[in-house]
Amino acid sequence: MWLRNNQVPALAGLAAVLLCASIALIFFYAPVDEDGLNQKIFYFHVPIAFTAYACFGWGAWKGLLVLWKRKPGADLESYVAIHQGVIFGALTLITGSLWAKFRWGVWWTWSERQLVLFLVLFLFYSAYFMLRYSLEAGPQRENLCAVYALFGVVLIPISLLAIRLAENYIHPVAFNKHGPQMAGSQFFTFLVSLAAMLALAGALYRVELLGKRLDQRLRELRELLA
Amino acid sequence: MSTEEKYVAAVYLVVFAFVLLYLVIMALKLTRLERQVGELAELAKRRAGG
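Same order as they appear, the protein sequences are chains W and H. Each residue of the first sequence is one higher than the one before, counting from 702 in the numbering used here. Each residue of the second sequence is one higher than the one before, counting from 2 in the numbering used here.
By construction, these hints were calculated from the structure, which means they are not laboratory data. Treat the hints loosely; a few may be bogus.
Below are the EDC-like pairs computed for lysine to aspartate or glutamate, each with C-alpha atoms no more than 16 Å apart in a straight line [unchecked claim]: (1) W:K913 to H:E5; (2) H:K30 to W:D916; (3) W:K802 to H:E6; (4) W:K802 to W:D736; (5) W:K802 to H:E5.
This is chain H alone, in the form it adopts within the complex (with noise of 0.2 Å):
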């Protein structure tokens, strides 16, 4: 691979890298999110009970 072929490539690999990243996050933030609606419907369910 040519130095320029490794230029362009590192370019297509950054944006690709990022969107690869942001999926990352998004996962992360809806595990949190699953795990906070889990917490608040054992809280309500509690609160129906008691």
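Looking at chain W on its own, in the form it has when it is part of the complex (with noise of 0.2 Å):
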């Protein structure tokens, strides 16, 4: 019940929580291979980038709930998902430059499939802003932005799967077939950090719909004294 009715703050606590726990864990748990220190960047940056397919993958499904249920308020918890999504997309692609600029000496490459399907995804999703302030508020709108976060969801896959299809990358491959390629210590350490992110997201996604419904009920109550 408590937890019912105090969602956010219980998001943001574990959010913090796991933050606190995999910045431990990171820098005197998990060990330094071979790539060196700069390996611990993979803690952030993966799951930063997991974070924003999921957030895509919300926006998403709140985009078919809108077209299927004509569900209320799916449309701007579509909306809020896929902010979120570009927002961690955007810091995926931070992170990534930077982990790129020691490792490979440049901040990006235009040759690796992976990078170039991830930055096709976050400017698809970053356009949906335009689409949605070009339109007014209304039915065609709601209908015409889920319909684009649903084109958007086909390039998630795409973009996972672009490094296992590539016959020469350099991006290093984090998981295949047969596993996390990582030892175990390293793997617990990357599913605490993508507890944390995924968490995080949440918590923001929660703070970000409450304002928006807040704002939304004083336009409304504006409307009806004036």
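Make the complex out of the two chains shown on their own, each in a separate frame, by following the hints.
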């Protein structure tokens, strides 16, 4: 009961605990492998990328609910999830560029399918906001935005599989068909970091949704009082 | 601090800065909402009084 009434503080608290735990595990538990200290970037970069995929997927699911069940509020939830996805996507690109600059000596390389496909996914969902704000609020905007959110989700498996389908790649492969390519302690640390990022995204999603709903209700109240 | 350490620190700082920036944006939004609620409460009081 308490949890149902206090989802946002519970999620924010969980995110704070998991983030602290993941940082402690990254620097004091997970071993430094042959890649050196820069491998520690992996524990934030990959969970952030997976969180971006999860946000886009959640946004598409809410978009499907708009079209299928006409669920009230699903359009706003889809918008907020995609907004979170774009933020986490930008963080993926920044952290990835920092890693690449040290490891490859360049900030970006166009020859890597994984990178280019992630950029395409990021730009596709960034364009969602242009579509949304170019239309009047109403059922037509809800439908168009939902269809757009659903189209983008197709890019997620392509982006994930891109590196596995590439013949010559330099981007490291942490997971293949044989499972995670890392020690047990590294995989555990990765899982805690992934849980931390998902909890952080969940908390931010809830906070933003609360703010947007409050904005909407205030607007309705102002119209009633005017 | 070695170059490698600087890059690792930069990644963690970027994430930390993002969380802080989000907090600032949310604080600004809450301030605006509080002001709007105050204006609406004032308007409702005037309506009730008049």
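Quiz prompt | Hint numbers not upheld by this structure, sorted from lowest to highest | solution = Violated: hint 1 alone.
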